[in-house]
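Asker: Sequence:
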Amino acid sequence: MASLQDTYTLSNGVKIPVLGYGTWQVTDPQEAVEGVVNAVKEGYRHIDTAQMYKNEEYVGKGIKECGVPREELFVTSKLNNNNHGYDRARKTIEESLERLDLDYLDLFLIHWPVVKENGGDWKQDNIDTWRALEDLYDEGKLKAIGLSNFAVPHLENIEENCRIKPMVNQIRLHPGVLQEDTVEMSRKQNMVIEAWSPLSPMKYMEENTKVQAMCSEYGKSIAQILLRWSLQHGFVTLTKSVHEERIRQNADIFDFELSQGDMDYLDSLKFDELSKPDDFQER
1 MASLQDTYTL SNGVKIPVLG YGTWQVTDPQ EAVEGVVNAV KEGYRHIDTA QMYKNEEYVG
61 KGIKECGVPR EELFVTSKLN NNNHGYDRAR KTIEESLERL DLDYLDLFLI HWPVVKENGG
121 DWKQDNIDTW RALEDLYDEG KLKAIGLSNF AVPHLENIEE NCRIKPMVNQ IRLHPGVLQE
181 DTVEMSRKQN MVIEAWSPLS PMKYMEENTK VQAMCSEYGK SIAQILLRWS LQHGFVTLTK
241 SVHEERIRQN ADIFDFELSQ GDMDYLDSLK FDELSKPDDF QER
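Numbering-wise, the sequence shown is residues 1 to 283 according to the numbering used here.
Derived by calculation from the structure, the hints in this document are not laboratory data. As the structure is a prediction and not an experimental result, all values here were calculated from the model. We treat Cβ as the ideally placed atom computed from N, Cα and C, and that holds for glycine. Treat the hints with care, as some may be off.
Okay, derived cross-link-like pairs now, DSSO-like style, lysine-lysine, Cα gap no bigger than 30 Å in a straight line [to be verified]:
{"#": "1", "residue 1": "K188", "residue 2": "K15"}
{"#": "2", "residue 1": "K91", "residue 2": "K15"}
{"#": "3", "residue 1": "K143", "residue 2": "K165"}
{"#": "4", "residue 1": "K41", "residue 2": "K203"}
{"#": "5", "residue 1": "K64", "residue 2": "K41"}
{"#": "6", "residue 1": "K41", "residue 2": "K15"}
{"#": "7", "residue 1": "K116", "residue 2": "K41"}
FRET-style restraints, in silico, Cβ to Cβ [unchecked claim]:
{"#": "8", "residue 1": "G140", "residue 2": "K64", "range": "15 to 23 Å"}
{"#": "9", "residue 1": "S11", "residue 2": "T209", "range": "36 to 44 Å"}
{"#": "10", "residue 1": "K41", "residue 2": "Q260", "range": "29 to 37 Å"}
{"#": "11", "residue 1": "E207", "residue 2": "P29", "range": "32 to 40 Å"}
{"#": "12", "residue 1": "S11", "residue 2": "L178", "range": "32 to 40 Å"}
{"#": "13", "residue 1": "G219", "residue 2": "N82", "range": "40 to 48 Å"}
Let the hints inform the model, and build the full structure from the sequences given.
Answerer: So this is what it looks like as structure tokens:
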């Protein structure tokens, strides 16, 4: 990957930019709008939001104000956990389009596979919900459809019961959280992997002398090292900031390459605080 404009091609031919601007926890209206505008100004063309983030309206305003034609942007949203089921999913996806003021979404994901209200029968719950995404895909309102936070059993259930195969799985990935079985299964099903929370290990790496040596060698920050690690693993990488300078820095990761030895070292890192079950709660 050599530039912010590089893309992967999904199984249906849709192109997805390799670096995305995430909007999780950006709930202030002005910050949400300005964040999207600044990200697009810096060259981002991939914007990621979700019903759960409660900022679709502001993200949509940022898209309108950014000055780049809609067809040049790749916009993702995700299904809130209380909106599972065929009828509910269809209705609320239409509502997402209204909030974003868009005619279509480039990608829509089921945000979590098991939700509290339907935990006893998550298999049928996911099948019914997925059918809504399939139908909206057929109608052209969703250009690509996929999953988020689906592990191997959840992926197998969809694979065995779908009419249209998922094109993306968005999961937590960074040094210390590799989810190797899920990555392998997703790729076997011809899904592109998206990595969320790629900067989670930053504070645990600040005192690591080898990581500090990497920063000196490459002339990059820990954040840039982590984002580059994610790209070199072949993940579409999602990163968030509301600060214009940091948005710019997060995109400045295409002029260097980590050595295989450095990649292996980062792969080997363990962070107990980041691998607790609570870290995988619904977000």
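Asker: With reference to the structure, classify each hint as holding or not holding.
Answerer: Verification of the hints:
1. With a C-alpha separation of about 19 Å, the suggested pair K188 and K15 falls inside the 30 Å cut-off, and the hint holds.
2. Taking the CA atoms of K91 and K15, the gap is about 27 Å. The hint holds against a cut of 30 Å.
3. Straight-line distance between C-alpha atoms of K143 and K165 comes to about 13 Å, which keeps the hinted pair within the 30 Å bound.
4. Our distance criterion of 30 Å between C-alpha atoms is met by K41 and K203, whose separation comes to about 29 Å.
5. Taking the CA atoms of K64 and K41, the gap is about 13 Å. The hint holds against a cut of 30 Å.
6. Only pairs whose Cα atoms come within 30 Å are accepted, and K41 paired with K15 is accepted, the gap being roughly 20 Å.
7. Proximity of K116 to K41 is assessed by CA-CA distance (about 40 Å); at most 30 Å being required, the pair is judged violated.
8. Checked against the hint of 15 to 23 Å, the C-beta distance between G140 and K64 comes to roughly 21 Å, which is consistent with it.
9. In this structure the hint that S11 and T209 lie 36 to 44 Å apart at CB holds, the actual value being about 43 Å.
10. Restraint check, K41 to Q260: a C-beta distance of roughly 35 Å satisfies the suggested window 29 to 37 Å.
11. At roughly 38 Å, the beta carbons of E207 and P29 sit within the given window of 32 to 40 Å.
12. In this structure the hint that S11 and L178 lie 32 to 40 Å apart at CB is violated, the actual value being about 23 Å.
13. Between G219 and N82 the C-beta distance comes to about 46 Å, which sits within the given range of 40 to 48 Å.
Violated hints, in rising order: 7 and 12; the structure is consistent with all others.
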